[in-house]
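Protein chains: 2
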Amino acid sequence: MITRKQYTEVQQKALELIAKAGIHITPEEQTRIAVADFGLSDIYSQGIQVLTFFETDRIAGKILVLLPNQTEPEHWHPPVGNDPGKQEIIRALWGDLRFYVEGDDNMTEGFIPIGKEDVFRLRHEIILNPGDQLEFQPGEKHWFQAGNRGAVMYSFSTTVRDGLDGFTDSDIIRETKIIES
Amino acid sequence: MITRKQYTEVQQKALELIAKAGIHITPEEQTRIAVADFGLSDIYSQGIQVLTFFETDRIAGKILVLLPNQTEPEHWHPPVGNDPGKQEIIRALWGDLRFYVEGDDNMTEGFIPIGKEDVFRLRHEIILNPGDQLEFQPGEKHWFQAGNRGAVMYSFSTTVRDGLDGFTDSDIIRETKIIES
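Read top to bottom, the protein sequences are chains A and B.
Last residue of the first sequence? That's 601 in this note's numbering, and every number before it is there in order.
Last residue of the second sequence? That's 601 in this note's numbering, and every number before it is there in order.
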C-alpha cells in the first residue's frame, strides 16, 4: 500500500525524469502516470512508474520510469490461453539502467534489495545506454534497476496482462492499494 | 527509381528532421534509414523515410519521417492468412502532420499531389500535433502528408508485411529501385 500523498509525490518525480529525458507527453498523459508498489509498501526501493501511451487488444506502448536506485522485481510474462505470452522490447531513453537476465553472474554495478537475495535470482547484468534495446520472449525472467540518476525507457509489447505476470517474490501483489489519509 | 546520390541526400534530410524532433537514435541506426519512393520516381513529392527500431515476428516500432510537403500514398494493411492484418498506432512527434481517413471532406490544410486526384480518395483531414495519436485497424485506408516543416512520427504495429500493403494508385511498386550512377 501507498498513501495518496506519497503516490502523488512519486508521480511528480516520474514526470521530472520524463522531462529530463526530453520526452514530450501531453497534459492529459501527465495526469495518469501509474505508480506500482507491487504490494511491497516500499515504493522508493521496489516499484515502477508507468505511462501507457496506447493499449489495444494486440499491442501496447509505455514509458517506464525508475526513480533513483529503484528496482523492478524479478518477473516474467506467461502464456495465456491461445496467446503465447507477452513479447516485449525495451528501449533505453535516459539515465542509469541495468537489466538482469539468465546467464553467468557478472553483476558489478547493481545491488540486491536488502533481505531479498532469494527472490532476485538472476545476476547476469546488462548495462543499457540511451538507444540500447532488449527483447524478451514470453517466459523469459528479468528484473531491472536504476542507478543514481533514475532511468526512463520505452516498453513496446504484444498484449499486456500485467495481472497475470509471474513474480519470483511470493509477497508480491500486482495491484497497488492507495490509502486515502 | 531513385539515384544513389538522391537516396543519400534524402537520408541526410531525414536525419536532420529526427534531430530537430529531439529523438535520440544510435550511430548504427543513423546509417540505416530507408527511403521509399513507391516506384513513383518522385521522392520529394511522394515517398517516406523509415527507421525501424525493432521488428519481430509479432510487433514492430518505427520512426517515420516526411520531408516538407512530402506525401505518403493512400494505402491499407490487408489480412494475411490467419493474421487479421496490421494494426497500427501513429504518434506524432514533431512538425506539420495531416492524416486523411474515411469521412466527410473537411480538407483545408493539405493538397492532392498534382494529377493524382483519382488515387487520393480520402478527404477527411486530421491535424496531428506532437503527442497526438491515431489507431488504424486492418483494412482502414489512410494517407498522410507533411506541411512546410516536414514531420516526424512513431509507428507501432503488429506484424509488418509492407510488401503486401494495398495501394489505391496502381502505378505503385512497393520496392524502391536504386540506380547506381
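Be aware that one or more of the hints could be misleading.
The list treats identical chains as interchangeable, and a pair is accepted whether it falls inside one copy or across any two copies.
As the list claims (entries may be wrong) - Calculated pairs, DMTMM-like style, for lysine to aspartate or glutamate (alpha carbon to alpha carbon, straight line, at most 20 Å): (1) Lys482 x Glu436; (2) Lys597 x Glu448; (3) Lys482 x Glu555; (4) Lys425 x Asp525; (5) Lys440 x Asp477; (6) Lys433 x Asp525.
Simulated from the structure, these hints should not be mistaken for lab results.
Okay, the hints, checked on the actual structure:
Taking the closest pair of Cα atoms, lysine 482 and glutamate 436 come within 20 Å of each other only inside a single copy of the chain (17 Å); across copies the shortest separation is 26 Å, beyond that limit. For the identical chains of this complex, lysine 597 and glutamate 448 are neighbours neither inside a copy (23 Å) nor across copies (43 Å), given an alpha-carbon limit of 20 Å. In the homo-oligomer, the alpha carbons of lysine 482 and glutamate 555 lie at most 20 Å apart both inside one protomer (15 Å) and across protomers (15 Å), since each shortest distance falls under that limit. Within a single copy, lysine 425 and aspartate 525 get their C-alpha atoms no closer than 39 Å, and across copies no closer than 49 Å, so neither meets the 20 Å cut-off.
With identical chains, the CA atoms of lysine 440 and aspartate 477 are never at most 20 Å apart, being 31 Å at best within one copy and 33 Å at best between copies. In this assembly of identical chains, the alpha carbons of lysine 433 and aspartate 525 never lie at most 20 Å apart, being 32 Å within a copy and 44 Å across copies at closest.
When held up to the earlier numbered hints, the structure conflicts with 2, 4, 5, 6 and fits the remainder.
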